[in-house]
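**Student:** Spelled out from the first residue to the last, the chains are:
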Amino acid sequence: MNCVEWEEKIALYVGGELAESAAAEVEQHLGQCVGCQVFASGMQQSLEWLKSAHQDDLPAEAHFAAVRARVLAELAPRTSRRVWWWALAAGTVALAAAVLVIFSLRAPRATPRPEPVIAHAPEPASPPSEVQPTTRPRLRDVAGVRRHPRPKPVPQIEPEAAEPAKPLIVKLVTEDPNVVIYWITDTTDTHGGE
Amino acid sequence: MEMPEERSRVIESAKAGDLSAFEQVMREHERLVLMTALRLLGRLEDAQDASQEVFLRLYRNLSKVETPTLAAWLYRVTVNVCHDLRRKPAPTAGIEDVPEPVAADPDPQRLTTEAERRRALTLSLRVLSEKERAAVVLRDLEGLSTDEVARILGSSEATVRSQVSKARVKIREFLERYFRRRT
Numbered sequence: 013m014n015c016v017e018w019e020e021k022i023a024l025y026v027g028g029e030l031a032e033s034a035a036a037e038v039e040q041h042l043g044q045c046v047g048c049q050v051f052a053s054g055m056q057q058s059l060e061w062l063k064s065a066h067q068d069d070l071p072a073e074a075h076f077a078a079v080r081a082r083v084l085a086e087l088a089p090r091t092s093r094r095v096w097w098w099a100l101a102a103g104t105v106a107l108a109a110a111v112l113v114i115f116s117l118r119a120p121r122a123t124p125r126p127e128p129v130i131a132h133a134p135e136p137a138s139p140p141s142e143v144q145p146t147t148r149p150r151l152r153d154v155a156g157v158r159r160h161p162r163p164k165p166v167p168q169i170e171p172e173a174a175e176p177a178k179p180l181i182v183k184l185v186t187e188d189p190n191v192v193i194y195w196i197t198d199t200t201d202t203h204g205g206e
Numbered sequence: 003m004e005m006p007e008e009r010s011r012v013i014e015s016a017k018a019g020d021l022s023a024f025e026q027v028m029r030e031h032e033r034l035v036l037m038t039a040l041r042l043l044g045r046l047e048d049a050q051d052a053s054q055e056v057f058l059r060l061y062r063n064l065s066k067v068e069t070p071t072l073a074a075w076l077y078r079v080t081v082n083v084c085h086d087l088r089r090k091p092a093p094t095a096g097i098e099d100v101p102e103p104v105a106a107d108p109d110p111q112r113l114t115t116e117a118e119r120r121r122a123l124t125l126s127l128r129v130l131s132e133k134e135r136a137a138v139v140l141r142d143l144e145g146l147s148t149d150e151v152a153r154i155l156g157s158s159e160a161t162v163r164s165q166v167s168k169a170r171v172k173i174r175e176f177l178e179r180y181f182r183r184r185t
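Respectively, the protein sequence lines represent chains A and B.
Count along the first sequence from 1, then add 12; that gives the number in this note's numbering.
Count along the second sequence from 1, then add 2; that gives the number in this note's numbering.
So here's chain B without its partners, still in its complex pose (with noise of 0.2 Å):
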């Protein structure tokens, strides 16, 4: 684990406009950036696309960014990025464009494979609302608290309570179905 001295170190010469630098801090960001990304988009090249738009403000802004803060911010960023690009045309799913599964199997355990799994939870966040996928991914799957989401989403904490109160309640509704139709 690299020390926060290192780190700190490892920022201020990418500010100074070492490039390799700036490569080591992708490297230390680049899961939060894109899995974050990829969870809010729902393709990975969406992700990619995002993350980079992502790195590269970071880059334009590193002088204002304080090294303690900097997973906020970024997190902050990706949202924002997301957003923006979610306002071009995206697939919408619900329980009906669920794809069938490539094999049938009666067994409902079976069904519940890790793959499955996944892929029903990747499914099931397409059906919130766009402020509850925020919510929720930071919340639930980044592990935030609900004070740190709320600072990130500009919000309160009130009102991320009941953003994921409802992402919740809308996942495992889809959940429910999803299971319900494979057995």
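This is chain A alone, in the form it adopts within the complex (with noise of 0.2 Å):
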């Protein structure tokens, strides 16, 4: 081994890196080799030089300042452009949460009440009590909430051709409250009709 292929194991010993048989051998060979003696006595001088220069040769404070004003001035954008959308969002989800709750004040039920069913029977030939309603009770009758329009139920009764014809009653209500005349007309032909 000729004395440049120490050179690099005497800047590893130098900075005290080699295991300690390595360690052993250069020092071995320092021993015998006045040249190399001299490489490393200049490798230790540069290293040391190499060592203190860490605390050589700061930048002047200014430099530094005008890296921090740079990367300040950089970001300084970005988070207030963060700052303006989480108020945008903050803000919109505030609007979408006042708008469901005046919406749940105000619509009707998700799942509202079954509606009474009403049968249209045929009104009883006698003895009648009232003059009947013609038309459903709508809900907000029956249950005193207020429905948006509906529309028109479907007829569930057929037609009544098949029925025999309803007699005709008038209620006559005199003044006293105990007293109620009730008129009561066969509408059907008595007189054999055409």
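Just so you know, the hints here were simulated from the structure itself, not pulled from any lab data.
Just so you know, these numbers come straight off a predicted model, no measurement behind them.
C-beta atoms are modelled at their ideal positions from N, C-alpha and C, and glycine is treated no differently.
A couple of the hints might just be wrong.
No more than 25 Å apart at the CA atoms, straight line, and that leaves these computed lysine to any residue pairs for SDA-like [said to hold, decoys possible]:
#1 K21/A - K17/B
#2 K172/B - A102/A
#3 K172/B - G47/A
#4 K168/B - W195/A
#5 K63/A - K17/B
#6 K133/B - V16/A
#7 K17/B - A102/A
If we take Cβ atoms under 10 Å as the criterion, some of the chain B residues that face chain A in the derived model are [unchecked claim]:
#8 F24
#9 M28
#10 L40
#11 A49
#12 Q50
#13 S53
#14 F57
#15 L125
#16 S126
#17 V129
#18 G156
#19 S157
#20 S158
#21 R163
#22 I173
#23 R174
From the two separate chains plus the hints, produce the assembled complex.
**Tutor:** Here you go:
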């Protein structure tokens, strides 16, 4: 091994980075080679300079401040944009929540009560107690709840062609609440018709 | 000296978007970043550009960076950013490029003043390959262990030792020639 090949080992030896056995080999060579002793001495000095340079040559504070200022100038618009987006998102959520609350208070229930089914049976022939309403009761009349207009109910009763004719009942109310006069008239043609 | 708890609190505030806390993080690590970049690039203006980019990357990645590994993260990103910047054509210096001293002084002892020594060291770093320079800057100038340098550079300890030894030999030869010319 010539001396050039020792140089890199000496460089590590000077830095204390060689294993014990390798360091012993270098020490043995240095004891025999004046040229490598000179090389090791110069290496020691340059390494000390390198390590001491860690504290040297610090740029002026203004150079550090300039970097800081440039970074912060770059970040400030991003941060303000982020704050603006957060404010926008929060406002949107609050508005949506308010709309939901208003609609939940004003809108009909999601699952309305079952509408009472009023059977349209033929009027009993007798004894009539009172004139019956001719339309179906609406839910708000029954449950006291306002409802949106509904489509007209589909008639569920077959045409009355097959039914017997109803008698016409007229209720006459007198001043005395205990006296009610009913006038029942048979609407069928009792005279045989045409 | 700031306590680790206080440092963690500042970093957490910075993560939450507190710019003044981030500025404090920058103040604590700006020497590490700027000086490493300066030694890798050789020009203060380039080093400032690199530092700016490093801190912007830090801000973007704050949520991913663990406080105990922040310094190692900064070293690694600084090396990478400087590597990217060096892809641009950069002046290379050989011994022939070294400027003559301002006033010739026959006394070699006086030549090796602090300023001259710093100048020679700065120039010596330019004759290294990029990987050798990164290894020797982190190992000898920043004082990191071989293991830490290997982790930052993403290589093995054996590779780092080889790069550092080659770099030291080149630096020593450069300095010897530099001061021989001065005398």
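**Student:** All hints, please: hold or fail.
**Tutor:** Each hint, compared with the structure:
| no. | hint | result |
| --- | --- | --- |
| 1 | K21/A - K17/B | violated, 46 Å |
| 2 | K172/B - A102/A | violated, 62 Å |
| 3 | K172/B - G47/A | holds, 17 Å |
| 4 | K168/B - W195/A | violated, 128 Å |
| 5 | K63/A - K17/B | violated, 35 Å |
| 6 | K133/B - V16/A | holds, 22 Å |
| 7 | K17/B - A102/A | holds, 21 Å |
| 8 | F24 | holds, 7 Å |
| 9 | M28 | holds, 5 Å |
| 10 | L40 | holds, 7 Å |
| 11 | A49 | holds, 8 Å |
| 12 | Q50 | holds, 5 Å |
| 13 | S53 | holds, 5 Å |
| 14 | F57 | holds, 5 Å |
| 15 | L125 | violated, 12 Å |
| 16 | S126 | holds, 8 Å |
| 17 | V129 | violated, 13 Å |
| 18 | G156 | violated, 20 Å |
| 19 | S157 | violated, 15 Å |
| 20 | S158 | violated, 14 Å |
| 21 | R163 | holds, 6 Å |
| 22 | I173 | holds, 5 Å |
| 23 | R174 | holds, 5 Å |
Hints 1, 2, 4, 5, 15, 17, 18, 19 and 20 from the list above are not met by this structure, while the remaining hints are.
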